[in-house]
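S.K.: If you read the protein sequences in the order shown, they are chains A and B.
Each residue of the first sequence is one higher than the one before, counting from 0 in numbering that gives the first Met the number 0.
Each residue of the second sequence is one higher than the one before, counting from 0 in numbering that gives the first Met the number 0.
No wet-lab data here; the hints were simulated from the structure.
For every residue, glycine included, the Cβ atom is placed at its ideal position computed from N, Cα and C.
Be aware that one or more of the hints could be misleading.
As the list claims (entries may be wrong) - Output of the computed footprint for chain A on chain B, the stretches with three or more beta carbons under 8 Å from beta carbons of chain A:
{"no.": "1", "segment": "76 to 83"}
{"no.": "2", "segment": "120 to 133"}
{"no.": "3", "segment": "149 to 160"}
{"no.": "4", "segment": "204 to 210"}
{"no.": "5", "segment": "268 to 276"}
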Amino acid sequence: MPVLDTVNTKIRMQRAGRIKADVTLGERAFLYSIYASVIAFALFCLIPFWLVVAGSFTPEANLRLDGFRLIPRAFSTYSYEYVIHGNQIGNSYLVSFSVTIVGTLLALAVTVPFAYVLSRKVWISRPLSFLSYFTMVVGGGLVGFYILVSKWLGLKDTKWALILPYLLDPFFVFVLLAYFRTVPEEMIEAAVIDGANDLIVFWRVVCPLSAPIIATIGLFYALRYWNDWWLALLFIDSSANHPLQYMLKQLQATTDARFYIGNPSPRFSTVPNYGVRLATVVMTIGPIILAYPFVQRYFVRGITLGALKG
Amino acid sequence: MTVVQRVRRDLAKNRYLYLLALPGVAFLIVFGYVPMFGHLIAFEKFRVADGIFGSEWVWFKNFKFFFGSQDWLRITLNTLWLNLLFMASSILAGLLLAVFLNEVRHQLFKRVCQSLFLLPYFVSWLVASMMVWALLNSTDGLVNRTLQSIGLSGIDWYIEPRYWRAILTFLNVWKWGGYTSIIYLAAIISIEGEFFESARVDGANRFQQIWHITLPLLIPTTLILVLLSVGRVFYGDFAMVYGLVGDNGMLFPTTDVIDTYAFRALRRVGNFSQAAAVSLYQGVMGIVTIIVVNKLVKTIDPEKSLF
Numbered sequence: 000m001p002v003l004d005t006v007n008t009k010i011r012m013q014r015a016g017r018i019k020a021d022v023t024l025g026e027r028a029f030l031y032s033i034y035a036s037v038i039a040f041a042l043f044c045l046i047p048f049w050l051v052v053a054g055s056f057t058p059e060a061n062l063r064l065d066g067f068r069l070i071p072r073a074f075s076t077y078s079y080e081y082v083i084h085g086n087q088i089g090n091s092y093l094v095s096f097s098v099t100i101v102g103t104l105l106a107l108a109v110t111v112p113f114a115y116v117l118s119r120k121v122w123i124s125r126p127l128s129f130l131s132y133f134t135m136v137v138g139g140g141l142v143g144f145y146i147l148v149s150k151w152l153g154l155k156d157t158k159w160a161l162i163l164p165y166l167l168d169p170f171f172v173f174v175l176l177a178y179f180r181t182v183p184e185e186m187i188e189a190a191v192i193d194g195a196n197d198l199i200v201f202w203r204v205v206c207p208l209s210a211p212i213i214a215t216i217g218l219f220y221a222l223r224y225w226n227d228w229w230l231a232l233l234f235i236d237s238s239a240n241h242p243l244q245y246m247l248k249q250l251q252a253t254t255d256a257r258f259y260i261g262n263p264s265p266r267f268s269t270v271p272n273y274g275v276r277l278a279t280v281v282m283t284i285g286p287i288i289l290a291y292p293f294v295q296r297y298f299v300r301g302i303t304l305g306a307l308k309g
Numbered sequence: 000m001t002v003v004q005r006v007r008r009d010l011a012k013n014r015y016l017y018l019l020a021l022p023g024v025a026f027l028i029v030f031g032y033v034p035m036f037g038h039l040i041a042f043e044k045f046r047v048a049d050g051i052f053g054s055e056w057v058w059f060k061n062f063k064f065f066f067g068s069q070d071w072l073r074i075t076l077n078t079l080w081l082n083l084l085f086m087a088s089s090i091l092a093g094l095l096l097a098v099f100l101n102e103v104r105h106q107l108f109k110r111v112c113q114s115l116f117l118l119p120y121f122v123s124w125l126v127a128s129m130m131v132w133a134l135l136n137s138t139d140g141l142v143n144r145t146l147q148s149i150g151l152s153g154i155d156w157y158i159e160p161r162y163w164r165a166i167l168t169f170l171n172v173w174k175w176g177g178y179t180s181i182i183y184l185a186a187i188i189s190i191e192g193e194f195f196e197s198a199r200v201d202g203a204n205r206f207q208q209i210w211h212i213t214l215p216l217l218i219p220t221t222l223i224l225v226l227l228s229v230g231r232v233f234y235g236d237f238a239m240v241y242g243l244v245g246d247n248g249m250l251f252p253t254t255d256v257i258d259t260y261a262f263r264a265l266r267r268v269g270n271f272s273q274a275a276a277v278s279l280y281q282g283v284m285g286i287v288t289i290i291v292v293n294k295l296v297k298t299i300d301p302e303k304s305l306f
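Throw the hints in and build the complete structure from the sequences for me.
M.R.: Encoded structure:
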């Protein structure tokens, strides 16, 4: 800790020095313009989000009359009620959640052991790392991929078509690999002397030591599954298999959402075509926004690690 | 010793490691290597019923058709031009945001702003396209209504291709500016505090410290980011362009990229051979760029080269 203390004191001194330095008018103007730019960009990021949230709580009639407004003139939850009382939203939530959960777990189960083998100093790890590297440089191409999934694997219009293609990303393999190399060799040797085989070493020694990085990679996979619509666009037909993202795509393409939303109740005789889209957007990004405060640091860490690797 | 013997002996010794690698190897073979057979379709008059090995070979006819059309040049230039715009704008934005954030001493303010910067990274381009629609749709969008309220006439954004390079560039900064700034912030934090201290002792103000210390020390990071994106310069951002533009043909003159073109050939037109020819062309150009970039990296810093 004494090292940290000196660092902290240093930082404090540095800060004190900096603040004292901003005395002249020019320096102050410079500092204020920095703050102004930061605030401007933060608003630039936020406003699109605010606009759809505000719009989703605006009555349809006001959206058509006043247009989209940052501060709506009236409030209503009709759009949400309309969407929730239909059957498509339940379907899509189920598809999105199950694909994300099953996909993330399977992806970790494939990626993490593979990266571990690459990190070991055994003969096989070099050809394997070439095998994964080569796919990053030379792609299979869109048509081969399409025929593989739809014809040869016969996964057209199944949830597996939304899961299997993302099980292993070589980029994440290399991030994990770099981390596994930092696990002290002595710990692995000690476990081997105690009679552990490679499976036990991996599961009992390496995985617990690497839990934070594995969680980070898991979150990146989960985000990819949740946000994906490309696979659905290629392979999914029936609306029972539409994930939330693809539901948005369908709503975007239609001018009458009545049949797609599937709301038979006579209580909802008017169809809020704008509102339905906006409410679905909010319900699609809702889980991410709710999780955001808790997972943000993992993503920041992952982005930094990935960049160092690159 | 042959490779087979080598593997067999190694297999006996490390069988559990082989077991751990097995799912990954199976995945790479099936999803990484098997699809490469699809490139053969580029040389065929492909019929789904006859399959890859039963269709008629036409050799370079598909390529002749593709390079003989107007589309070839248009989608290639669009892809390159958009990628260059994206690269320049997001690197510049990330750099500025990181340098600015680093000057902010108010910790809570800094953290809130950083969270907001990263927020767009977490949503898909389809979600983003709904936000864009709320802003730009010609009748009720916020932008047109605002223009009208100050007496100007609205613009039909979705039928005017000339605005879309700028719109896409802005949105790319929106989505990736915060992400890039995190990479730069990590690089700034690793700069030695002594540099700044001695600069201050010599009377350097805030701006001079940024100009003479921070920015020069961020050049290596910038080079890496530039090279990474140059390596992918022939790959358009399908999710972005298709998510925002979709099948809106009016915007194709400025937005259609190689990836969206190949997708339409495959899924809208159903011409497998044409799609395969386009994506093989893209793959070959991709490999050529990576070889060139690698040569460049080797001359700058041999340790960072890929092969």
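S.K.: Quick one: see if chain A covers the segment 120 to 133 of chain B, three-plus residues with Cβ-Cβ under 8 Å.
M.R.: holds (count 13)
S.K.: With a cut-off of 8 Å between beta carbons, are at least three residues of the segment 149 to 160 of chain B near chain A?
M.R.: Not satisfied, violated; 0 residues make the cut.
S.K.: If you count the residues of the segment 204 to 210 of chain B with a beta-carbon closer than 8 Å to a beta-carbon of chain A, do you get 3 or more?
M.R.: Check passed, 3 qualifying residues.
S.K.: Verify this for me: three or more residues of the segment 268 to 276 of chain B with a beta carbon less than 8 Å from a beta carbon of chain A.
M.R.: holds (count 3)
S.K.: Are there three or more residues in the segment 76 to 83 of chain B whose C-beta lies closer than 8 Å to some C-beta of chain A?
M.R.: violated (count 0)
In this structure, the hints that do not hold are numbers 1 and 3, in rising order.
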